[in-house]
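Generate coordinates for the entire structure from the input sequences, incorporating the hints supplied.
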Amino acid sequence: MSIPVLRAPDTKWGASAVHALSVTATVCALIFVIGLFAEPQRAWSGFLIGFHALVGLAVAGPMGLAFFHLSGGKWARSLEAVPRAMAAALPAAAALGVVLVFGVHSLFEWSHASAVEGDAILEAKSAYLNVPFFTVRLVAFFVLWYVGARAVLRASSEATGDAADQKRRRLRAAAFFLFLFAPTWSLASIDWLQSLDPHWFSAIYALITISGVAVAGLAACIILIAAVDTRDQVTEAQYGDLGALLLSFALFWGYIWYCQYLLIWYTNLPEETPWYIARLAGDWGLLTKVACVLCSALPFVLLLFRKLRRSRRALVRIAALVLVGRLVDLLVLAGPPLMGASARLGLWELAPIAGSVALFFLLAIRALRRTAVGARSGAETAQHVVTHSAPATSLAGTASR
Amino acid sequence: MSRRVHLALFTSEAKLLAALHSCRDKGLTILDVRSPYPIHGVDELAGIPRSRLPNACLIGGVVGLSLALWFQYWTSSIDWPIDVGGKPWNSLPAFAPVAFELTILFAGLSVIFGLLFRSKLLPGCRGRISDPRVTDDCFELAVTRANAALSDAAMADLWRDSGAIDTSEFVEDIR
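Top line first, the protein sequences correspond to chains W and E.
By our numbering, the letter at position 145 of the first sequence is numbered 867, and the numbering carries on one by one without gaps.
By our numbering, the letter at position 67 of the second sequence is numbered 607, and the numbering carries on one by one without gaps.
Keep in mind that the hints were calculated from the coordinates and are not lab data.
Some hints could be false.
To be verified - Result set (DSSO-like, lysine-lysine): computed pairs, CA atoms no more than 30 Å apart in a straight line:
#1 W/Lys1029 <-> W/Lys796
#2 E/Lys566 <-> W/Lys889
#3 W/Lys796 <-> E/Lys555
#4 W/Lys1029 <-> W/Lys1011
#5 E/Lys627 <-> W/Lys1011
#6 W/Lys889 <-> W/Lys1011
#7 E/Lys555 <-> E/Lys566
Claimed, not checked - Sample of chain E residues at the chain W side, in silico, Cβ under 10 Å:
#8 His580
#9 Ser631
#10 Ala636
#11 Leu690
Stated by the list, open to error - Over 10 Å on every C-beta distance to chain E, these chain W residues come out as not near it, computed from the model:
#12 Ala817
#13 Ala959
#14 Leu984
#15 Ala1003
Where is the CB? At the ideal position from N, CA and C, for every residue including glycine.
Rendered as structure tokens:
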């Protein structure tokens, strides 16, 4: 049985959302520019967190597609237009990355020669942590991710050739992307987040950030799916499967987070504990707890209930909580070295964060609008239906096949 | 009271599902579907109520979690407190891994034993199986004509049209 591919219902869909989001993004960008003159350090702090949110949500698209293609799950085949649309934010993320290079001196201690000089650890790390190499790496990451993401996206939307051929190409593109992505993401999360505390290191750090990307990306994907599904074509079983996946990613994030915490707590070494001491005291302690509850504990408990998993309304609300939790998590990861002992969250920090999230949804919704029948678009409109067996609804189909 | 149970054997999932649909259309009551592997969504289609095993899983998980937390607390802070690296005796972070593992273990085992108990498959039991081929490459449908006015001939037609390779029937006492 064929389930219609999820696409924008008509050319009018999302028009008002695009309008509102572009106004929000523009206003936030203006505030950021003013902030650069008024309070440069605070504006750059917010920018770094917003940049991370945007990059994470953009790469979550091809990463999720690659997971689906490699695991061979057919239940999400009809929903793939949404993660494809999420990847549309990748060029914008690269542009923000270029902007980030100008803020390096306001953000990273290791970029100041005076801080490095006489500090044995920073001197030893300066072969890697220096501004020219940082810039080269940043550009290389985005070029590689763009190339990999394009391959995954093309394989996902392709409808030519026989099924076995398509499947082989999907597998090859997914493996290619993940092979590129895993090591480059590890380096990127060291560059952009971990090096904010340049004396500190953790081998599991990249896994924490990538599990955060997975859980937040899926949450954004669920919100977009529910938004575009105005004609109830996504089945209850598909929402249930999305919910179950969100549950496992939430648990995965919590598990990895706890792995790092437990090892550092246990060994109690003076070069490792300061990172947690800064994040578990005062305001930061509260925010760490909020992030853990919103990203892991709360979605885990709520999604155990089948009724909530399968209900679109409940699932979207849980996904929104997870997305907020992810922003708080990024704030806790980046905040203490930038803001000091207590969290400072004013207009200068919040505007770039809100602007980046608005920019992501703006670009994703714009890409989804192009999937509407009658909208100007490339190859995608050629593919109207995709054959796949979705649970429950497909039984009649399998019988008559 | 007793009822007559009809069994039909099919060689493919597709044929079984087609037969399931025609049985439902004719108003037959579907008693069971037997298959070498789980068929997603067949429970809803056959009108088989949702399993209560998840409850056993939840209870097992909660028992495992409480047991692990209590036992670690009792051993390390009450019965035999030892100073390990200056950590407090009652250190929840250290208890978490074992508590997590025992939650999973108890939850998993309670599902297995709950299933064995409910299906009366205790050690030493002899397997009661209607046709050994359903453990290999065949699919079986068990239906009864409880509320459907269907003649024996119509029943035979139904099985023949849906491609059953083998059929049988027996009378079963129900209380």
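*Given the hint that W/Lys1029 pairs with W/Lys1011, does the C-alpha gap stay at or below 30 Å?*
The given pair, whose Cα atoms are some 27 Å apart, holds under the 30 Å limit.
*With a cut-off of 30 Å on the C-alpha distance, tell me whether W/Lys796 and E/Lys555 pass.*
holds, 22 Å
*Verify the proposed pairing of E/Lys627 with W/Lys1011, using a straight-line Cα cut of 30 Å.*
Roughly 22 Å separates the two Cα atoms, so the pair holds.
*Can we trust that W/Ala1003 is non-interface, i.e. its beta-carbon lies farther than 10 Å from all of chain E?*
Check passes; 17 Å lies beyond 10 Å.
*Closest CB-CB distance from W/Leu984 to chain E, is it above 10 Å?*
violated, 6 Å
*Has the given pair, E/Lys555 with E/Lys566, been kept, meaning a C-alpha gap of at most 30 Å?*
Judged against 30 Å, a Cα distance of about 17 Å means the pair holds.
_Residue hint E/Ala636, partner chain W, criterion CB-CB below 10 Å_ = Hint on E/Ala636: holds, closest Cβ of chain W at ~7 Å, below 10 Å.
*Has the given pair, W/Lys1029 with W/Lys796, been kept, meaning a C-alpha gap of at most 30 Å?*
Since the Cα atoms of W/Lys1029 and W/Lys796 sit roughly 23 Å apart, the hinted pair holds (cutoff 30 Å).
*Given the proposed pairing of E/Lys566 with W/Lys889, does the C-alpha separation stay at or below 30 Å?*
violated, 40 Å
*For the pair we were handed, W/Lys889 and W/Lys1011, check the Cα-Cα distance against 30 Å.*
Answer violated: W/Lys889 to W/Lys1011 is near 43 Å, above 30 Å.
*Just checking, W/Ala817 versus chain E, shortest CB gap more than 10 Å?*
Nearest chain E Cβ is 42 Å from W/Ala817, so the label holds.
*Minimum Cβ distance from W/Ala959 to chain E greater than 10 Å, as the annotation requires*: The claim breaks: W/Ala959 does not keep its Cβ more than 10 Å from every Cβ of chain E (closest is about 7 Å).
Comparing the model with each earlier hint shows violations of hints 2, 6, 11, 13 and 14; every other hint is respected.
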